[in-house]
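*Asks:* Residue numbers (the UniProt record's numbering), protein chains in the order written: chain A, 1 to 166; chain B, 1 to 406.
These are computed hints drawn from the structure, not numbers from a lab. By construction, the Cβ of each residue, glycine as well, lies at the ideal position given by its N, Cα and C atoms. Just so you know, not all the hints are guaranteed correct.
[Unchecked claim] Away from chain A, derived, C-beta distances all over 10 Å, residues of chain B:
(1) Pro105
(2) Gly176
(3) Thr209
(4) Glu308
(5) Ala325
[Stated by the list, open to error] Among the chain A residues that face chain B by a calculated CB cut under 10 Å, a handful are:
(6) Glu6
(7) Val9
(8) Pro14
(9) Val17
(10) Gly20
(11) Gly25
(12) Ala31
(13) Gln35
(14) Leu38
(15) Arg105
Letter by letter, the chains look like this.
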Amino acid sequence: MDDGFEAFVRARLPALVRYGTVLAGNPHDGADLAQEALVRVNGRWARISGGDPEAYVRRTMARLHVSFWRRVRRERLSGTPPETGYLDDGIARADGDVGLARALRALPPKYRVVLVLRYYEDRSDPEIAELLGISRATVRTRAARALERLRAADVPHDIALAGRLA
Amino acid sequence: MSTELDVRLRRTMDAIAASAELPDPEAVHRIGALGRRRRRARTGGALALVAAAVAAAVAISTSGLGGGNGPDEESAELPAVPPPVVVQDLRTAQELWPEAVLRLPATIPVNREGTPVGRAPDGRYVLHTGIKAGESLYPVLYDPRTRRVQEVMRAEAPPEGWDRVVVQQAAAVVGGRIWWQRTALRGGPEVFERRTELWSAAMDGGQRTLWAVFAPGSGLETPGQVFGTADRLYIQPMGDGDRLYRLTAPMAPPEPVPTTGSWWPTGDGAWMQGYEPPYRFRNTFWNVATGETVSSTRDVKEWNCDRELCVRYEARGLVATGFGADAPELAHLPNAGPRAPSAQFEVVPGGRFVYVNWGERQQYVWDVRTNTLASMPEFPHRGFRGSYMLRAGRGENLWLITAQIP
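In isolation and in its complexed conformation, chain A is listed as follows:
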C-alpha cells in the first residue's frame, strides 16, 4: 500500500466512517461504505492524491450509496432490524431524535443522500447536483419529497426506549 494512501486512511477513516454511517443509516453499512470507497480509491491514488482526495472519497461514497449494490442491503420494510434498538440507543445518547433517525433510515437511498449532503455536509443544491450527477431540479425535487416523507412519518416510534433512556 502506498505510504501516502495509508497515512490518509489512518487520518481520515474515522470521519469517513461517521459520514458513511449517516449516509447508510447504521454503523455496519457505514463502515462498509467507507471501506468500499477506499478500496476503489486506492487503485487511483496516484492520480487523485495531488488534489482533494477526501472530497473524492466522499463523492465516491455518496455515489456508491445510491448505486445498486448499496440498495440491496437489507432494507426490508417489514419487521424490525435486529440492531435497531442498539442503534437507537446510540443515537439517543448523542441527543438525536430516534423517530426521525428511523424515518431517515426508511427513506430510499436516492432521497436520503440528498438530505445527508444538504444537512450533514452543508452542501448547496448546485454542489449536490454536481456531486451526484443529477440536475438541480432533481435535487430540489428529491429533497422536497424526502422532507415530505419525513414529515409524514414524524411519529416517535419507540416510546419505551425513550422512557428507558430518560
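Given the coordinates of chain A, work out where chain B should sit on it, guided by the hints.
*Replies:* Quick look at chain B alone, frame taken from chain A:
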C-alpha cells in the same frame, strides 16, 4: 431560515455520526489487502471458468436479454470491478414465471400505494397500504380482475382519552389470516404514550377480531412482529430478540415463552434463528411451535431465511435448503469468484425465489425449485412479506409473488 425540521435533521445526523463504531487499527491493512485482491482478480483469467461453472449449474435460456452488461451510470467516473459472473442472455422473471408476477396499479383505487403481502383463496391479494401522518391506513383486499378494493377496516375515531390513531405495523398474512396493528397516541411532542391493538380478519376480509390490547408499559405497546402457524401464534416485541409471547386466544393475556439467548423469526412461520448481537446470526434454528431445533456445523458466512426456505452462503456458493433436521438440499448456485464474498442475497418470501446480486449490474432471481436463474434488468425495489417488486413503472408496478403459484 431554518425550520424546526432542519434543526432536528442536523442534530439527528450529528447524533447518527456520533453513534458510529470507529474502525480498529487493522482496518487500514484490510483495505490495502482488499485492494490487492481485487487487482489480482481483475487480471486473472479465472472469470470465464467461473462463468462456465455457473452457467452449467443453472438452466439458462436465450432470449437475448442481458442483465449484466448495461452501462453503469453511477460508476461512470469510477469504473466498477469487472464482474466475476458473466451470465448472459437470461430471460427475465416476467418471461420465465409469468404466473408469479402480479401487475398492480401504482395507486390503487383508494388513492394509496399498495404492497402485496399475500394471496387470498378467492384470487384477491392482501395489500399493505403504507402509513401517512394523521391518517389510519389499514390492509385492503385487491381484486386484479375487477380492480376493486375492499377495505378490511376503515379509519375510526381514536379510543376515548387518546388523541389519534395510526396503523404502524405492516399488514401480514400469518396462519391463514390477515393481521395488523393499530396504535393510539396521546401527548407529545417530545413524549408520546401509546396503546396498541392487534387485529386479525379472515382472508376474505370478514370475521374481524380484536386479538389483544397492549397498554402503555406492557412492553408490547410498540407494535411487534406476529408470526407462527394457524394453531400457534406468537408475537415478539419490536427489536427485542430476548422476549417472545404466545397469543392463545382473542383478548387472552399473551403468555411469555421461555427462551435462552436471542431469537428472531425467520419469516411469518414458526422457525426462528439464533442471533448473536449486534450483527451475527447463529447456525441454530428453533421451531417455536414444535420445539424442534436444528444446528449446522458448516462455516456459513451469511444466512437468509424465510418461512419455508433457508439460503446459506458458504465456501462453495449459495445453498438453498428447507428447514428441519433432514432438510434436503434444494439447489446450489456455485461460488462466483473473487467478488463473491460481497454477494447479496435474500429469500423472497414464499419459499421458491431468491434474489441474488453479484455486483452493481448483476442481479438475478434464482428459482430454487428448478435451479433456474432469471435476469433482473432493473433495480429491484424492496417488498416485504410475500412479494418483491420487479419493476416500478409510472402507472403500474410488477411484483413477484410466490404465493400466487399453486
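*Asks:* Now tell me if each hint is right for this structure.
*Replies:* To see whether the hints hold, each was checked on the structure:
no.: 1; hint: Pro105; verdict: holds (19 Å)
no.: 2; hint: Gly176; verdict: holds (18 Å)
no.: 3; hint: Thr209; verdict: holds (22 Å)
no.: 4; hint: Glu308; verdict: holds (16 Å)
no.: 5; hint: Ala325; verdict: holds (25 Å)
no.: 6; hint: Glu6; verdict: holds (6 Å)
no.: 7; hint: Val9; verdict: holds (5 Å)
no.: 8; hint: Pro14; verdict: holds (5 Å)
no.: 9; hint: Val17; verdict: holds (5 Å)
no.: 10; hint: Gly20; verdict: holds (8 Å)
no.: 11; hint: Gly25; verdict: holds (7 Å)
no.: 12; hint: Ala31; verdict: holds (6 Å)
no.: 13; hint: Gln35; verdict: holds (6 Å)
no.: 14; hint: Leu38; verdict: holds (5 Å)
no.: 15; hint: Arg105; verdict: holds (9 Å)
Every hint from the earlier list agrees with this structure, and none is contradicted.
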